[in-house]
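These protein sequences, in sequence, are chains A and B. Start counting the first sequence at 861; every next residue gets the next number (our numbering). Start counting the second sequence at 861; every next residue gets the next number (our numbering).
Quick caveat, the hints were computed from the structure, so don't treat them as lab data. Computed from a predicted structure; not experimentally measured. Incorrect hints may appear among the rest.
To be verified - Stretch by stretch, here's where chain B covers chain A in the computed footprint (C-beta under 8 Å, at least three residues):
(1) 887-896
(2) 949-956
(3) 959-971
Just so it is clear, CB atoms sit at the ideal spot from N, CA and C, and this is done for glycine as well.
2 protein chains.
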Amino acid sequence: MITIYGYSPSGNCHKLHMLLGHLGRRLDRDYRWIETDSAHGATHAPEYLAKNPNGKVPMIELDDGRVMVESNAILCWLAEGTSYFTGDAWQRAQTLAWMFFEQYSHEPYIAIARFICGWTPADSPRRADLPKLRERGYQALAVMEKHLATNPWFSSKDYGIADIALFGYTHCAADGGFDLGAHPAVRDWLARVRAQPGFVRMPPIADENMALIAQSR
Amino acid sequence: MITIYGYSPSGNCHKLHMLLGHLGRRLDRDYRWIETDSAHGATHAPEYLAKNPNGKVPMIELDDGRVMVESNAILCWLAEGTSYFTGDAWQRAQTLAWMFFEQYSHEPYIAIARFICGWTPADSPRRADLPKLRERGYQALAVMEKHLATNPWFSSKDYGIADIALFGYTHCAADGGFDLGAHPAVRDWLARVRAQPGFVRMPPIADENMALIAQSR
């Protein structure tokens, strides 16, 4: 059985729930989830760092002790041989290109803005970063909107792991103060993702984080 | 013939030169290089953005007009079927994990510190970011040092594309003010990479950038 060390409100961690849901794999039957609160230091405990020196979630561990880190690499491994990672070498590399885009040009702005809004105190000096983060986040959303004007998905011709990777934080971009009103193609794509068989919704986030997000608006 | 749009001093672009060199492919015989000065706006020209809306280098273009972006995705495509991207699904995903690490936890600190030192004016307000960038960059180097204590390479059992991806900016980390004195395993790994057949050295950077780097020390 696969063990996932993840923090439920994290989009990076939720990606794994999503793919496993599509694959028909069920929590506690096919995989276990160890809640690992990265917002409160759990990923910097010595026993965690011994397995993942980079101190991030998610991480998976197999019964034989092997571990893998980096959400998008884990998606590639879990999706290997399934319809969620298909195509020839060119198409698979294009899927990876969108996953690298997600980690370099999207997540550092859209996920971090959400983290600052919901997981730092209302008077945190990090809030001064929000305007710049939103400017860069909107640039990423514009790139997505342009692609979606002529393509239904990011993963080659069919729905797959690049869509899951990008859904991770796009679906909750509003938590970080992003308004998708000017991004109709992104909104339609989010709806198409939610309609996929086995789609798993992110669990509700805690009241204290919800309250901080509401205050940030 | 493959056309590469790249900026020579960029570690992300140099990765492609490196892999093509290892594969025995020669500039102007097997691929062409169009110098694209991302530090002076060439990637934000309308004709470039029409091909790559994210406005970054490198980008490759095939004779039939297809394009691919994201240095590490391009490495995967070029290395497909070669000894530089081998192993079973688990091993290939581990190679990808290091490439995602490079783009998320390494490049945004080590490459950006170098850019600020060598490509922004000596009085740039961005220089105030350097202490934080160096702190995070050293964290990435510590993760690499720990891995290399028990593994010769980042790409599965043999030298490959994860090593090329990480070499891209680690080999010139000193330009951004990083001292590898406390990272003997990283230094030894850099030397092993340089000894690989077909290794291609990064071209010298321009005098004005060298001068700015020297002033930053």
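Cross-check of the supplied hints:
1. Coverage of the stretch 887-896 of chain A by chain B is violated in this model, with 0 residues showing a Cβ closer than 8 Å to a Cβ of that chain against a need of three.
2. Interface restraint, the stretch 949-956 of chain A with chain B: holds (6 residues with C-beta to C-beta distance below 8 Å; minimum three).
3. Under the rule that three or more residues need a Cβ within less than 8 Å of chain B, the assignment of the stretch 959-971 of chain A holds, with 8 such residues.
Checked against the numbered hints above, the structure breaks only hint 1 and satisfies the rest.
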